[in-house]
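A.B. asks: Below are the chains, spelled out letter by letter.
2 protein chains.
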Amino acid sequence: MSAAVTVEVGLGERAYDILIGPGLLASAGAEIGKRLPGTRTAIVTDENVAAVHLDTLQAGLAASGITPAVITLPPGEKTKSFDALQEVVDGVLAAKLERGDAVIALGGGVIGDLAGFAAGIVRRGMNFVQVPTSLLAQVDSSVGGKTGINSPRGKNLVGVFHQPRLVLADTGVLDTLPLREFRAGYAEVAKYGLIDRPQFFAWLENNWQDIFAGGPARIEAIAEACRAKADVVARDEFETGDRALLNLGHTFGHALEAATRYDSARLVHGEGVAIGMALAHRFSNRLNLASPDDAARVEAHLKAVGLPWRMADIPGDLPDAETLLGFIAQDKKVQRGALTFILTRGIGQSFIAKDVPTSEVLSFLEENHPA
Amino acid sequence: MSAAVTVEVGLGERAYDILIGPGLLASAGAEIGKRLPGTRTAIVTDENVAAVHLDTLQAGLAASGITPAVITLPPGEKTKSFDALQEVVDGVLAAKLERGDAVIALGGGVIGDLAGFAAGIVRRGMNFVQVPTSLLAQVDSSVGGKTGINSPRGKNLVGVFHQPRLVLADTGVLDTLPLREFRAGYAEVAKYGLIDRPQFFAWLENNWQDIFAGGPARIEAIAEACRAKADVVARDEFETGDRALLNLGHTFGHALEAATRYDSARLVHGEGVAIGMALAHRFSNRLNLASPDDAARVEAHLKAVGLPWRMADIPGDLPDAETLLGFIAQDKKVQRGALTFILTRGIGQSFIAKDVPTSEVLSFLEENHPA
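Sequence lines, in order, name chains A and B. Taking the numbering used here, the leading residue of the first sequence gets 1, the next gets one more, and so forth. Taking the numbering used here, the leading residue of the second sequence gets 372, the next gets one more, and so forth.
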């Protein structure tokens with residue numbers, strides 16, 4: 001057995017374990033068999049991930065006598081579509097899986113969201129196992145049960161809440177990630193420190209090199225991020241309140257992603273979140289909520305790990321402040337000239353602010369615009 | 372206000388009311404507004420139902436200041452498809468509805484299942500209001516939260532459990548149904564008596580003429596059927612046990628529907644259930660579980676109301692007994708040569724039988740085959 005750390009997500013009847021450590025692909029059959037004895041399975045993955053990790057996972061399942069069906073899709077955000085959903089649903093039904101059988105997602109956030117959605121609707125809900133292969137998926141999309149696809153009218157507009165029965169976060173597979181992708185995932189790790197764990201943020205400032213290098217701090221950082229997210233999700237499974245804290249950095253971040261037309265050559269999600277978190281701290285300072293030292297500390301850490309932290313770090317031209325505000329207003333509902341934002345009183349002291357005047361946001365964007 | 376009867380479906384946080392009575396389309400705005408103040412809405416309906424009832428519902432909503440978007444689909448079972456689902460989802464998003472807004476299903480079971488599924492997945496779950504316009508939908512698909520579409524691999528294989536916030540069963544609209552369709556829905560009403568309400572079945576034997584004629588017994592029959600289904604659903608919301616009792620008559624019925632290739636000119640769902648219920652009683656008698664008098668009583672009542680009750684009542688040729696058994700085995704999972712059936716010890720004494728030998732089913736089908 002691997003020396004994995006276990007984080008339990010406490011959701012009553014829907015509680016499940018996240019195992020975090022090296023070599024979990026190889027012991028997948030044993031871990032799944034222990035929790036879902038006799039289950040049959042279908043693996044959903046993408047071509048890139050399959051090329052590197054599918055054989056290892058299949059061998060790990062075969063060791064426990066599990067022979068999965070395999071459904072392989074093209075990589076990339078375009079796979080979060082109705083067409084791909086239909087393909088996965090049909091593949092699972094073709095494999096004659098029943099409600100008690102399991103869909104296994106092997107991949108990053110796109111595959112996890114898509115396969116989880118399919119598992120949530122085939123026979124009105126089947127078992128679901130996540131095997132996240134990106135840092136972002138290990139600390140974010142694999143915890144919390146949000147699944148879904150994109151619509152031509154916006155991202156993640158269609159889906160269900162469907163909790164996995166087990167998450168296997170193999171920290172060894174992260175060594176195969178491109179550095180830029182690892183960094184983007186790291187932004188979400190730092191986010192949990194900034195939301196409500198100031199000591200964790202301070203620990204990250206001292207230990208990030210070991211996390212990037214694959215030392216023991218990597219497992220601990222992922223485990224702490226999962227614990228942090230699990231705490232929030234357990235308080236608010238269906239996102240009616242506190243769960244919005246997880247959107248720290250996402251309001252500015254989403255607007256920047258939209259403004260760069262989701263062109264990953266210019267900006268990926270985690271980079272948008274990094275810049276968004278720095279802006280949220282700077283904006284909180286402008287509103288006299290937080291000290292400029294805290295904003296500077298966030299910016300310095302993002303810069304140290306090699307993440308972008310200001311709009312000027314995005315290659316190419318950005319639309320003007322007014323247009324950026326339009327993207328923010330499209331993402332969040334504007335109510336009587338005010339927006340909901342995640343703001344902060346300092347490192348680890350984030351809160352939901354429901355009445356942020358759009359005029360303040362506009363002035364702030366104008367002041368911080370690189371043009 | 373209309374003189375509606377209210378049946379509460381007790382599902383804790385997801386509890387909701389079913390209102391049953393005449394004139395509910397006209398008071399829809401008041402009833403919805405009372406429970407979901409300030410809600411915006413989209414009506415999902417089909418061309419046939421829209422032609423007869425859409426104006427009345429829209430006027431009923433307008434009276435309370437609600438102006439719905441309207442999404443109209445072709446009538447018929449083919450509309451329970453991924454394509455139609457995508458069309459409804461897009462229509463709801465185009466109307467810019469939020470999670471707290473409501474999708475209203477105006478139609479029979481096809482529209483209810485499809486619109487409920489869309490409501491369950493847009494923004495990971497929106498409010499849903501059922502306005503069932505067929506007797507079958509009023510007593511069956513509008514209670515219990517099962518939603519879904521068909522797959523080329525089988526019916527209802529894809530969907531979610533998503534409870535409505537309100538059901539408005541307008542008994543006046545049933546006068547616009549063709550008699551054959553009303554009768555088919557009546558088979559499901561009688562089913563609740565046969566499952567566990569022997570007094571209700573006896574009452575139906577005495578009052579069915581008034582139910583068909585639209586007298587006060589119609590409202591009472593629908594209310595009692597909804598109460599019966601709500602009781603079973605409250606005990607087993609996610610169909611892990613007792614809820615299977617609702618499948619009385621459905622194992623034989625589904626096989627006959629498949630054997631006639633879902634050709635509604637030959638057999639509609641409720642007619643299949645009628646024959647299936649009669650066969651389930653006759654089969655229970657063959658297994659020495661129930662008296663032949665009970666089977667004869669069920670057959671006599673179905674015959675009296677004009678429903679088919681034996682395989683010979685289906686126009687055209689049926690495949691042989693072995694082929695029919697194949698359809699049954701396809702519908703239910705065969706485990707070690709045995710099938711799960713809903714059998715009975717007499718009127719109102721149904722139970723789940725998990726080890727019915729396929730050989731017994733085959734002999735029974737051979738004996739009762741019309742060829």
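A portion of the hints provided could be inaccurate.
Stated by the list, open to error - Partial list, computed: chain A residues near chain B (C-beta under 7 Å):
| id | residue |
| --- | --- |
| 1 | Leu11 |
| 2 | Ser81 |
| 3 | Gln86 |
| 4 | Val89 |
| 5 | Ile121 |
| 6 | Arg124 |
| 7 | Arg153 |
| 8 | Phe161 |
| 9 | Phe351 |
| 10 | Ile352 |
| 11 | Val356 |
It should be emphasised that the hints constitute simulated quantities derived from the structure, not laboratory data. Glycine included, each C-beta is placed from N, C-alpha and C at the ideal position.
A.B. asks: Now, for every hint given, state plainly whether the structure supports it.
C.D. replies: Results of checking the hints against the structure:
1. Leu11: For A/Leu11, the interface hint is violated, since the closest Cβ of chain B sits about 15 Å away, which is over 7 Å.
2. Ser81: Nearest chain B Cβ about 10 Å off; hint violated.
3. Gln86: holds (5 Å)
4. Val89: holds (6 Å)
5. Ile121: With a closest approach of 5 Å, the A/Ile121 hint holds.
6. Arg124: For A/Arg124, the interface hint holds, since the closest Cβ of chain B sits about 5 Å away, which is under 7 Å.
7. Arg153: Since the shortest Cβ distance to chain B is 5 Å, the answer is holds.
8. Phe161: holds (6 Å)
9. Phe351: Interface hint status for A/Phe351: violated (22 Å vs cutoff 7 Å).
10. Ile352: violated (17 Å)
11. Val356: Interface hint status for A/Val356: violated (19 Å vs cutoff 7 Å).
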